[in-house]
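**Student:** Taking our numbering, I'd label the letters of the first sequence as residues 318 to 589.
It should be emphasised that the hints constitute simulated quantities derived from the structure, not laboratory data.
Everything numeric in this text was worked out from a predicted model, so none of it was measured.
Heads up, a few of these hints could be off.
[As the list claims (entries may be wrong)] With a Cα cut of at most 27 Å, we get these calculated DSSO-like pairs of lysine-lysine:
(1) K443 - K470
(2) K347 - K469
(3) K443 - K469
(4) K443 - K467
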Amino acid sequence: MPELPEVEVTRLSFASRITGARIQAASLGKPLRWPLGCPCETLTGRTVTGVRRRGKYLLIDLQPSGLLLMHLGMSGSVMFDTHLPPPGRHDHFDLVTSQGTLRLHDPRRFGAVVYSADEQQEPASKLLSGLGVEPLGGQFDALAFHRALKDKKATIKQVLLAGQVVVGVGNIYACEALFMAGIRPTLRAHRISRPRAERLHAAICQVLAQAVAQGGSTLRDFSNAMGQAGHFQLAAQVYDRSGQPCRHCQTPIRRIVQQQRSTYFCPDCQRP
DNA sequence: CTATGGACCTGAATGC
DNA sequence: TGCATTCAGGTCCATA
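Based on the sequences and whatever the hints tell you, model everything.
**Tutor:** Pasting the structure below:
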């Protein structure tokens, strides 16, 4: 589920409520993608000073030191409340604080919670290094984007998903942004002209911002930390619409496979 | 270095 | 009804 919009919506739904809280306990369920990296007791007594986001990672800052990196993988979601039921079979991390319990629910367990003493040190540095620019942070520049694409021989869809140029764009929003920009997903990135790169840049900004505003996409069971579903999937132009008429020109939407992932596009609106 | 394919894991939907 | 196959929002790693 979680691409940048879902992670950001999650962050917005609990950041202010957990900030300032003192950690009273932490507990783990089944193993996640990576080990926590410290004993749970290490977290007890620390204070949460804020929640940031980098790409698809949530960064939970702690005082007097340390941070937790949380990733939602493919099926993760978070709940934060003063009263939560006992952990279920897919609840794999609880952070009990003075202001409520933060819980990671993740059936497939591709997600992770990792402790790092410092953002500049491992494991945080390793996980965060190599990430591209934040698309909604004001640092995302259209001409720099075009220059970065010039160095990439892979298809534009792959380049967007790889996250080395720009972070946060996953399978849904890559398809949607390429549709908005009228670009065929199979086009090699270095062949994209400056005007088309500028259009794609704008499309990425627009689709991500719109998705955040709509609470993200809920395909199966995503919800924010208050249990509310997103609605962007209803506005999708191409994602998961194989065979259905393009909302713009009525041509049937096509599904292809790139890098073992489904790609959806309109063969008429999106030109090579 | 790039490109590709497999790995991780569970559940829902589909097909016979 | 039962069982096998396919697919799903991500990303790391081994191999060529």
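**Student:** Which of the numbered hints are not met once you compare them with the structure shown?
**Tutor:** Of the numbered hints given earlier, the structure breaks just one, which is hint 2.
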